[in-house]
Structures are given as structure tokens and as C-alpha cells.
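Enquirer: What follows is the residue order along each chain.
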Amino acid sequence: MSLTPEFLTEKIPIGKWVKIFVEYLTDNFDEQFRFFSNILEWIIHNTIYLLGLIDPIVLILFLCGLSYFLHRNWKMVIGVGLGLILILNLGYWEQTIETVALVLFSTVVSVVIGIPLGIMAAHRRWLFTLMRPILDLMQTIPTFVYLIPTLMLFGLGMVPGLISTVIFAIPAPIRLTYLGITSVPKQLVDAGKAFGASKMQLLWKVELPHALPTIMAGLTQCIMLSLSMVVIAALVGADGLGKPVIRALNSVNIAQGFEAGLAIVIVAIVLDRLLKQPDVRKTGTGG
Amino acid sequence: MAVVRFNEVDVIFGPNPSDATEMLDSGAGRDEIFNKTQNLVAVHNASLQVEEGQICVLMGLSGSGKSSLLRCANGLNKVTRGQVIVRHDDEDIDVASCDWQTLHQLRTERISMVFQQFALMPWRTVRDNVGFGLELDGVPKEKLGRIVDEKLALVRLSEWAHKYPKELSGGMQQRVGLARALATDAGILLMDEPFSALDPLIREHLQDELIQLQDELKKTIIFVSHDLDEALKLGSLIAIMDAGKIVQVGTPEEIVSDPANDYVRRFVASMNPLKVLNCASLMRPVSQLQTVNGNTDRALDMDKKFICSLDDKGRPDKITHAGTDVSLIPFEDDLDLESLPHNVLVSADLETPMRAAVEINYVFGLPMPVIDKIGRLIGVVGTEEIFSGILGDA
Ligand SMILES: Nc1ncnc2c1ncn2[C@@H]1O[C@H](COP(=O)(O)OP(=O)(O)OP(=O)(O)O)[C@@H](O)[C@H]1O
Ligand SMILES: [Mg+2]
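Going down the list, the protein sequences come from chains A and B.
Under my numbering, the first residue of the first sequence is numbered 1, with each subsequent residue one higher.
Under my numbering, the first residue of the second sequence is numbered 1001, with each subsequent residue one higher.
Hints are not guaranteed to be accurate.
Said to hold, decoys possible - Calculated lysine-lysine pairs in the PhoX-like style (CA-CA distance at most 20 Å, straight line):
#1 B:K1373 x B:K1313
#2 B:K1078 x A:K199
#3 A:K186 x B:K1141
#4 B:K1166 x A:K205
#5 B:K1318 x B:K1305
#6 A:K199 x A:K186
#7 B:K1233 x B:K1166
#8 B:K1318 x B:K1245
#9 A:K205 x B:K1233
#10 B:K1233 x B:K1218
#11 A:K75 x A:K276
#12 B:K1373 x A:K186
#13 A:K205 x B:K1141
#14 B:K1078 x B:K1245
To be verified - Here chain B is said to cover these stretches of chain A; the calculated rule only asks that three of the stretch's residues, wherever they fall, bring their Cβ under 8 Å from a Cβ of chain B:
#15 182-194
#16 201-211
Unchecked claim - Selected chain B positions facing chain A (in silico; Cβ < 10 Å):
#17 L1106
#18 I1111
#19 L1198
Calculated from the structure, these hints are not laboratory results.
Where is the CB? At the ideal position from N, CA and C, for every residue including glycine.
Isolated chain A (complex conformation) (with noise of 0.2 Å):
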């Protein structure tokens, strides 16, 4: 005899509601969905393709170049150079292209939606509290279960992927853009007022300068947040360095596991380094 009672051991059917809602999108949106999803397609193929046309020792020169321009440092400059040159070597060149547009875009999407939600929730409370278990389960949620309805709305491909992606990578800019503006001291918002700056003027010239930092520092984490779903878009048809890795395992291939994840590593390096906040002792003004 078991003292739980008949109706807490009768399944609540959450699992099949989902099925039911996806089913529905996929019977009846399949068209809008698949129209969608080949735009975007076509998109990120050209500037792939686009990439792909430069020589890679220009681009190789010209990141070397970007990173000496946006810190000064000639040991990261050789160290961005060496890393590239590697992945070059290893003949990962192309998939790395692809890898680096599908993080491009992503992030373009996370931040684009992010940062106006961000803001939004910051000056509505209600907006944050109905977010903030959303944006949890975004994250908590492990990021296979999400790959079934997305693949079934959007077919295989880059597209899934990318949609994968910044489901797990937007909370990163909303959030950090919340945190930004929230704390934006309330002398400096008083002063705004007190001189007349209307809602916008509030938002442009005290509220978005004073969370600036923040924000980049959402942005960087959104970055290293898509990059490191590459793996988990290439099971779903997302070309670039997740590809080769997958491979690997299939066929159980030391080697280009290996090879490929090490291009992976590099990439991630290149990307924090880049995206570093300037060191404020160095650049600052004081001294």
C-alpha cells in the first residue's frame, strides 16, 4: 500500500501541453517559420561567404592590428598573431569563419532585443519580476531540450543554432543592462530631473553613460556565452569548429577532436582578449 494518494501519482501532462503548442506553431506557422528561417540562412551564408573571400594573412594582420589599436600591448599583439596563425595551420580556417559569424550574429540578435528589455525592466518593476524566472529557466534549462522544438521550427542548419544560442546567451545582456541602470545612483537621476531632462534625455545622458560599463561587460559575457554553445548548434546543423568536434566523437577520432577543440580554446582567447575592458590604471587620466 502506498500512502501517496491516487491523484498526486496521475501524470500532470506538461510534456505533451509542450508538444501540443510546438505542433500547433509547426501545423500552422510552418511557412512564416521556414521563410524566417531562410532569410536569416541567406544572411549569415553571404557573410560567410563575404568572409571567406578575404585572404586569411589580411585578417590575421588586421585583427593583430585592432587588438594593438584597442590596447596598446604587444605581447597580446604577437600572442593574437600566433593563435590565428596556429588555427590557420591546423586547416580550421573556414570553420572558424563560420563559428565567429554565428557568434557575430547571435550577438547581434542577444543585444539588440536585450538591451531594450534590460532597460525596460529596469524602469518597471513588474516587467523584471515577470522576467526573472524566465530568464532563470533560459539559463538553467539544459540547452539539448530546447534543440528538439527549435529544430522542428526551423529545420536543420544555422538558423536552429543561432536561435539555440541566444536563447542561452540573451539573459546575459538583459540582465547586466538591468543591473546597469538600476544602480545608476539616485543624486545623479535627481540632477537630470532637476535640470529638465525629459524621460529619453534621462535615459541617454545619465542613465545609459553611467551603465555603460556594465553593458560591455554583458556584451563580453554574451559573446563567451555563444561561443561556447558552437558544440550544441553543430548537433543541430550549424556549421563551423562544432562540426569537426562532433565528428570526432562519432568516429571516436583522438586527433581531430583535439585539433579542433584547441582551435575552439584559441578562438575563445582571441575573443576575451579583444573584448577586455581597458585597464582603467593605465588608461585613466590621474597620475
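Add chain B with the ligands to chain A, keeping to what the hints say.
Expert: Structure of chain B with the ligands alone, referenced to chain A:
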């Protein structure tokens, strides 16, 4: 004509201010209302009129509602009940009920503000901070630059224009705050404890600067302070607040010489009399002087050593000391006390500060006749008057 008028203003913070107003009307106290309704009565029934060109100081202990009242003047705080009338372009505008457009206009043209913690934008240079208000108002770049340079020169910070606030000392930062407030050429200046975050020496220095600037600019200033010395030094009108209510409004002399209740008296007792009193408030008026030789002559001291005869207009005619004639020398800042001859008395006018009276009394030990603008004897400051000034029962 008053420039800012607070009419029976209530400011209540909390979930449901209208509950609190009802309870206030039925006579409930602040604590009772807070305990029952979670509404905090920050200001209750405050009425105050500030005239053109005046420096009105709101004084009181922490939490007495000074900032809350001040911030009603530019709509930073919502007025729960009552009116805040600001005169602008010969029109009376009620800040408590006007629309956003009007409020915006008041804030950009009529009222500006200086904050306790400076509230400068750390990402803007000194220059851009000063131009902040003008920028919000859409003033064209060239004109903006010209005004900003002018205001920076006014607070003597021209050389610091391209620095960031954190590179400046506190005193300099607040001068930036002041320049920012002056830049919009608003006639009304709200200052919420602008000097409280500064060292005492810097504070006095900035007070002096403000007085100098005010001589030139003739703004209408509402100034919050919790320091009576500061209030007496700057204020031409002082309003003392206690637990959300204005308990006394008056000139500095009125506050010092006639405190309305114990709360005000405690403030007055803790002030530094040397800084605030002058001969007008110290002196024993001529009517209270002992008379000698019938009704015509006055004794300037208790022992009747100095005798002064007055002419028919009340001007000192002849002063004698033990039979010898004594002449009067008016007090001046650069008077060399050591080199004065024996047979003179230094006379004061109404504004001569207490510090001077004490110094002269210390050097000569002699009474100091107080002479008004048209030359009449109106009182005397001697050792006794100085002591009672220090003890606070002048
Ligand atoms: N925005 C607000 N929300 C809720 N309560 C407030 C708010 N602003 C002020 N109060 C409360 O109102 C009361 C009066 O505060 P106010 O800041 O006006 O006092 P004050 O006289 O300026 O004191 P201080 O010298 O500390 O600045 C205080 O009890 C304070 O906690
Ligand atoms: Mg205050």
C-alpha cells in the same frame, strides 16, 4: 512680491498618502500615522514665502523634512497637498499641479539646484558637467561654450575645464556644481546642504564665495542647512523645521533674540556667537541706560564714569570721563588699536561684528557706543553686554 510661496504644503511618502492626510486632519501624530498606515509624513502644513533676492535657509535636525520641502519647489518630490507657487515671467505657477511641459520649462529656465553630494556626472568633464542643463535645453554649441566658459571663470575653475570630477577636490567639485546651477541663468537656486560634505575650512571659504557671488547675482536662494552658524551667516530669512513642521520663520536676529520654543533655543545655544552676533543684537539700547544730571545725560557704563550728553536729535554732544573730554572714533577694520590716544572711545555701528567689540573691549576695557547712520547714539556695548551675548540671553 514673493518668488516662491509654499502654501500649507504636506509631503507624505508611502503607499497611500490620502489615508495619512485624513488622519492628519483628525489630529493624529506623525508616529501614529506611520505605525497605522506605513505612510511617512515628511512635511506637514508648511507655509513659507521667499522674496526676490533673498537667501532663505531651511534649518532643522536630520529627518526634519528640510530636503523634502525644498524638493517640492522643482517637483522632485510630489506635493501631497497644498501649493508651491513659483513666479515666472509675471505668472504664478503651481508646481504641485502644473503639467509636465510647464514643469520642464521651470526646470530649464527658472529653477536650478545644487546637491549635497555634488551629483556630478563622473563620465563628463568639468566643462560638460557645467553645460549639462544647457545641453538638455538644446542650447546651440557655440552659445553653450561661451556660457560655460563664463561660469567656469566665475567659480575660478577655468584651468580645470577638461578634467574629470574625480580629479578635483570636494570643494572644487561643489564649485562645479554651483557653476552648473548658474549656467542656466535660473533666478531661483535650490541648495540642499551644498557644503555639508566639505571640511570646515573649505566650507567657510565657499560660504564666503557664495555671499560674494550673491552680491553680484542677486539670485533667490533656498538653502538647506543643519548648522545654525551657516544659516545665520548666509540667511536673510531662516525657517526652522522640526518633525516636518516649520516652527519659526524669521530674520537671523529674530531667531537668535527670540527663539519660538525649546527646539529653536537649543539650536541657538549651540551656535558660535562670535560669528553671528553684531552690535545691533548685543547692545544695551539707549533707553535702558542710566540717566544722570536729571534726564539729559546718559551713563555709558555701570559706574557712571563715562557720561554722554545728547543733543535734541539724540546725537552725542559731549562725552566726558572724570571731567575730561573724550572724543569718538568710528570703528573700521584696519583701525590700529595700539596707536590710539588715551582720551578716545571707539564707536560702533549696528553692523559691527561681535568679534570687533570683543577685541576692543579686550584692548581698552571701555564701553563702545553704538551710533546709527544719522549719527544718533542708540546703545552701548560693554563687558556685560558681551558676556550676556556669549551666554545666549542677549
Ligand atoms: N523618497 C522618500 N521616500 C520615503 N521616505 C522619504 C523619502 N525622502 C525622505 N523620506 C523621509 O522623510 C523624512 C524627512 O526626510 P528629509 O530628507 O526631508 O529630511 P532632512 O531634514 O532633509 O534630513 P537630512 O538632514 O538628513 O537630509 C525622513 O524620515 C526620511 O526618511
Ligand atoms: Mg536632507
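Enquirer: Taking the hints in turn, state whether each one holds.
Expert: Status of the hints after comparison with the structure:
Restraint check for B:K1373 and B:K1313: the C-alpha separation of about 13 Å stays at or below 20 Å, so the hint holds. Restraint check for B:K1078 and A:K199: satisfied, since their Cα atoms lie roughly 17 Å apart, inside the 20 Å limit. Of the pairs offered as hints, the one joining A:K186 and B:K1141 is violated, with about 28 Å between alpha carbons and a cut-off of 20 Å exceeded. Restraint check: the Cα-Cα separation between B:K1166 and A:K205 comes to about 19 Å, which is no more than 20 Å; the hinted pair holds.
Restraint check: the Cα-Cα separation between B:K1318 and B:K1305 comes to about 14 Å, which is no more than 20 Å; the hinted pair holds. For the hint pairing A:K199 with A:K186, the CA-to-CA distance comes to about 15 Å; that is within 20 Å, so the pair holds. Restraint check: the Cα-Cα separation between B:K1233 and B:K1166 comes to about 30 Å, which exceeds 20 Å; the hinted pair is violated. Between B:K1318 and B:K1245, the direct Cα distance comes to roughly 52 Å. Violation of the 20 Å bound is thereby established for this hinted pair.
A hinted pair counts as satisfied when its Cα atoms are at most 20 Å apart, and A:K205 with B:K1233 does not qualify at roughly 37 Å. With a C-alpha separation of about 16 Å, the suggested pair B:K1233 and B:K1218 falls inside the 20 Å cut-off, and the hint holds. With a C-alpha separation of about 15 Å, the suggested pairing of A:K75 with A:K276 holds against the 20 Å cut-off. For the hint linking B:K1373 to A:K186, the alpha-carbon distance of about 51 Å lies beyond 20 Å, and the restraint is violated.
Note on A:K205 and B:K1141: the hinted pairing holds, with a Cα-Cα distance of about 16 Å set against a maximum of 20 Å. Under the criterion of a C-alpha separation no larger than 20 Å, the hint pairing B:K1078 with B:K1245 is consistent with the structure, at around 17 Å. Restraint check on the segment 182-194 of chain A versus chain B: 8 residues with Cβ-Cβ distances below 8 Å, three needed, restraint holds. Chain B is given as covering the segment 201-211 of chain A, and this holds because 5 residues of the stretch bring a CB closer than 8 Å to a CB of that chain, at least three being needed.
Satisfaction of the interface hint for B:L1106 is found here, the shortest Cβ-Cβ separation to chain A being roughly 8 Å, below the 10 Å cut-off. Because the beta carbon of B:I1111 sits about 8 Å from the nearest beta carbon in chain A, less than 10 Å, this interface hint is met. For B:L1198, the interface hint is violated, since its Cβ never comes within 10 Å of a Cβ in chain A; the closest pair sits about 16 Å apart.
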